[in-house]
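Student: Letter by letter, the chains look like this.
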Amino acid sequence: MSMFFSTGYVFQLTLPRVERIPVDTFLTFLDVLEDLRGDFLRQVSSLVSSHIHDILWRLDVAQKYIFERMDGEALKKEQLDSPGFIRFCELEN
Amino acid sequence: MRTSLLQETSEVQGPAGISSNGNLSLDESAATSIDLTGREKSSATDGALINVPAIASNDACSEGLGDPMNHRDHIHPTGRQRSDSTELLLDSSKDDAAPLSQCQDINCIEHEVHNGIILFNPTIDQWHDFPSLLQYARSLGADKSGIFKVRLPEEVRPSLSSFPLNMEGHKAICFSSQPQINGTFMIEAEEIDVVPAEDLELCEPCTAALSTDEHVSRYERLLQDEEALRNIYYYVDIDARNVTSRTRLGLPRESPIWPLKGDRLRDTKAHVPGIHSPYAYQSSNSFGAGFAKHMEDYFAISVSYLYIGEKIWCAIAPNDTSRLETMLKATNPSGYESNCSQFLRHAATITPRAVLDSWEISYKIVCQRQYEVVVTLPQVYHQGFSAGFTIAEAANYADKNWNFEGYRDCQERSCPAGFATRQMMCWREANERQLEIEEFDSECCDDEDSSSGETGDSTKVRSLNRRDQGSTKPKPRKEASMPALGAKRKRNSRSHDRAESTKEAIPHHPVLATVLASVAQLGRIPKHIIQPKVLYTSWTKNKNVDVKHSPLLTRLFFSIASPAAFADLRDACFVARQKGETRRPQSTNTVSETIQALDKLDSTSFADTIERRYHYVQLVTKRNELEDHYKNQEPRQKTRRSLKLLDNTAITDGVAKSYEGFGRASSLALADLMAEAYPDLTPPLRHRTATGTQYERRYRSLKSRLGAGRNWHLMKERFSSGILPLVPVGEEYEIQNYEYVLLDRLRLPANTT
Numbered sequence: 000m001s002m003f004f005s006t007g008y009v010f011q012l013t014l015p016r017v018e019r020i021p022v023d024t025f026l027t028f029l030d031v032l033e034d035l036r037g038d039f040l041r042q043v044s045s046l047v048s049s050h051i052h053d054i055l056w057r058l059d060v061a062q063k064y065i066f067e068r069m070d071g072e073a074l075k076k077e078q079l080d081s082p083g084f085i086r087f088c089e090l091e092n
Numbered sequence: 000m001r002t003s004l005l006q007e008t009s010e011v012q013g014p015a016g017i018s019s020n021g022n023l024s025l026d027e028s029a030a031t032s033i034d035l036t037g038r039e040k041s042s043a044t045d046g047a048l049i050n051v052p053a054i055a056s057n058d059a060c061s062e063g064l065g066d067p068m069n070h071r072d073h074i075h076p077t078g079r080q081r082s083d084s085t086e087l088l089l090d091s092s093k094d095d096a097a098p099l100s101q102c103q104d105i106n107c108i109e110h111e112v113h114n115g116i117i118l119f120n121p122t123i124d125q126w127h128d129f130p131s132l133l134q135y136a137r138s139l140g141a142d143k144s145g146i147f148k149v150r151l152p153e154e155v156r157p158s159l160s161s162f163p164l165n166m167e168g169h170k171a172i173c174f175s176s177q178p179q180i181n182g183t184f185m186i187e188a189e190e191i192d193v194v195p196a197e198d199l200e201l202c203e204p205c206t207a208a209l210s211t212d213e214h215v216s217r218y219e220r221l222l223q224d225e226e227a228l229r230n231i232y233y234y235v236d237i238d239a240r241n242v243t244s245r246t247r248l249g250l251p252r253e254s255p256i257w258p259l260k261g262d263r264l265r266d267t268k269a270h271v272p273g274i275h276s277p278y279a280y281q282s283s284n285s286f287g288a289g290f291a292k293h294m295e296d297y298f299a300i301s302v303s304y305l306y307i308g309e310k311i312w313c314a315i316a317p318n319d320t321s322r323l324e325t326m327l328k329a330t331n332p333s334g335y336e337s338n339c340s341q342f343l344r345h346a347a348t349i350t351p352r353a354v355l356d357s358w359e360i361s362y363k364i365v366c367q368r369q370y371e372v373v374v375t376l377p378q379v380y381h382q383g384f385s386a387g388f389t390i391a392e393a394a395n396y397a398d399k400n401w402n403f404e405g406y407r408d409c410q411e412r413s414c415p416a417g418f419a420t421r422q423m424m425c426w427r428e429a430n431e432r433q434l435e436i437e438e439f440d441s442e443c444c445d446d447e448d449s450s451s452g453e454t455g456d457s458t459k460v461r462s463l464n465r466r467d468q469g470s471t472k473p474k475p476r477k478e479a480s481m482p483a484l485g486a487k488r489k490r491n492s493r494s495h496d497r498a499e500s501t502k503e504a505i506p507h508h509p510v511l512a513t514v515l516a517s518v519a520q521l522g523r524i525p526k527h528i529i530q531p532k533v534l535y536t537s538w539t540k541n542k543n544v545d546v547k548h549s550p551l552l553t554r555l556f557f558s559i560a561s562p563a564a565f566a567d568l569r570d571a572c573f574v575a576r577q578k579g580e581t582r583r584p585q586s587t588n589t590v591s592e593t594i595q596a597l598d599k600l601d602s603t604s605f606a607d608t609i610e611r612r613y614h615y616v617q618l619v620t621k622r623n624e625l626e627d628h629y630k631n632q633e634p635r636q637k638t639r640r641s642l643k644l645l646d647n648t649a650i651t652d653g654v655a656k657s658y659e660g661f662g663r664a665s666s667l668a669l670a671d672l673m674a675e676a677y678p679d680l681t682p683p684l685r686h687r688t689a690t691g692t693q694y695e696r697r698y699r700s701l702k703s704r705l706g707a708g709r710n711w712h713l714m715k716e717r718f719s720s721g722i723l724p725l726v727p728v729g730e731e732y733e734i735q736n737y738e739y740v741l742l743d744r745l746r747l748p749a750n751t752t
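The listed protein sequences correspond, in order, to chains G and W. Numbering-wise, the first sequence is residues 0 to 92 according to numbering that gives the first Met the number 0. Numbering-wise, the second sequence is residues 0 to 752 according to numbering that gives the first Met the number 0.
Derived from the structure by calculation, the hints contain no laboratory data. There is no bait here: all hints are sound.
With a straight-line cut-off of 20 Å between C-alpha atoms, the simulated SDA-like cross-links for lysine to any residue are:
{"hint": "1", "chain 1": "G", "residue 1": "LYS75", "chain 2": "W", "residue 2": "GLU437"}
{"hint": "2", "chain 1": "W", "residue 1": "LYS399", "chain 2": "W", "residue 2": "TRP426"}
{"hint": "3", "chain 1": "G", "residue 1": "LYS75", "chain 2": "W", "residue 2": "ILE524"}
{"hint": "4", "chain 1": "W", "residue 1": "LYS399", "chain 2": "W", "residue 2": "GLU428"}
{"hint": "5", "chain 1": "G", "residue 1": "LYS75", "chain 2": "W", "residue 2": "ASN430"}
{"hint": "6", "chain 1": "W", "residue 1": "LYS268", "chain 2": "G", "residue 2": "ILE85"}
{"hint": "7", "chain 1": "G", "residue 1": "LYS76", "chain 2": "W", "residue 2": "ILE528"}
{"hint": "8", "chain 1": "W", "residue 1": "LYS532", "chain 2": "W", "residue 2": "LYS542"}
Given the sequences, and given the hints that come with them, work out the whole structure.
Tutor: This is how it looks when you write it as structure tokens:
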């Protein structure tokens, strides 16, 4: 087996990588992701989906998520899967 | 005058069911005030809740007409204005329990006293000044009974948007009871998957005309009827903290009982759901959904609001708390082996009145009606049940004098009340954020998690041991209490353990080192989540995964919805909001400006990337719909369509044109997409004649986009569309070329361990 990949292969991987993962591999990945982080991901995903479309397409920019008001560094200091993120994904009252 | 009245009313015993020793007193409704249609008579409530029908609300307390047993007294009935001194109290939560002499006007709160139970009728301002209301209740002697009621002012009675509540995803419990040697009943609850719809329909209970005493008698008879108990359903401990969860349930966006002014629970180290924030409860329309005898965690106050229906409470007089505990242990020592302050929750118990009477324990029976809040004071044991369909929510409260000195923590991990620990309830520092319970757990208690407590008999829960409508058990972390979650966690734990056992087998490896370094940039990973090194090893061993994808999958796993991803999304939202309002800087004069400009471009790029993902998913969704459409077509239709395609005839029932590859649903779907996207482009007769044409280029582009959207679509299907912007894309997450070298070495750990 060659110790190196072809240039073409490397080039492919510089394209958006998530999109290049084979479907079987990706389904396995999703299974593991769901098993180990599913509860958290479903919660934040549900919250984010409530309004992100309106923001990105500027359909309604009146409402803001709590995380938009937060300092980026403060967000990065939270732990992975911190329940704080669930709160931060709420819309401001 | 007030003092003499209190003396008078506290001596009055209930009109019915008075015990031989006179210990029982009832907050009895005046039967004469019941509207036989089951609707409330009180004009104050008419129309207040359009979408919440009033049922069987024997609002005798508000009417009380001609009831000789109701000793009501409207104190300062006109004094509904708060004075300046009260206003000062409102402005300072720390002064919420100022000496009574400083807040004389608090005494203006209109109230009634029925058999020693106070019912307040506050104004909005008076309700919002809960510390003063509490203080006033105590000054009126509420400490003696340990329980009082507040009828929320009409203006703050919230409406339900769903009736019954939307309990999708939540499990109800049903009951069973076991008579004990000492005359009490041990209650167990079992989770059920589906509650019959007819059991959640609002109907007037046949008990609508019963007095409170008759309700209690009926419930005590019910405890002996195993069959009937099993047909009573109760949704308990449903998180109702935030707007999202509340809206989903159908509760009003804002809780009427939380947050309350002056709540010192806000100052503790951790936030425990159900204690620090409300839980919702919904019982079926069968009579008798109960909650077992308990006191609140850490000597807190309980505050419970009833949206609809009637609940009957039995509160043990605080002076008899020790006596009750002693008698329960003495008469059934094997039932209560724990010595913690929540030992009663180890065996959910309902104690009938006759038993309490025989033990000479004083208690109050209180009927809670629609729009009423029941407040139990610290260390007050209470039990109760719903007299038909009820919707309620409850939380705890701590006033400025709150302390839990003498509270005995349970040493058993399986303690039904063991969720909130002493450390969680301690004061936090002023600059310290109140942690979510999982955060607190992960920081302080991770090591304990591996040794789970109860695991057997996992379908049995003891929700009666939790908060009632009240029982203060937050979402349990013990597997035995919540089978679904428990099973999940155990499964996670097992996979974690399995992976842990192999982590030493990984030799030091440059790719692994790079992966670990890049994952470290994404944010802190708590111990309870699988660690990158372990996950990486798992990927390399997974037969479904090509080993070359292991680094990518590892980083992707930790990057989705990571702290860094949220920071990126924050920036992307900022950029999206500014679109059309600002222009990218054309030139920069300083390094700072240049860096800022570059940062902004990065964010802009990310915002565009997110948009692209949504479009991809939309495209794939549309393609899949078309494919399904064609797959579901009748064979005859397919044949006819194919024949038309062969003839290069326009199809009348679709937008697809003929082209090579007819007959396959995916090809037909693609053709439809092409026709819809590029109506001006004419499809070629044969693909080979299309090479180099604009149609062919667009066709390939479409296929490429569909391919790019496939995984985003899968991800969206799994977690909903909100996951799409939570996958960060940035230079720091790119896999460097050198990571793909020496793959034979990369395979080594997988093949050798």
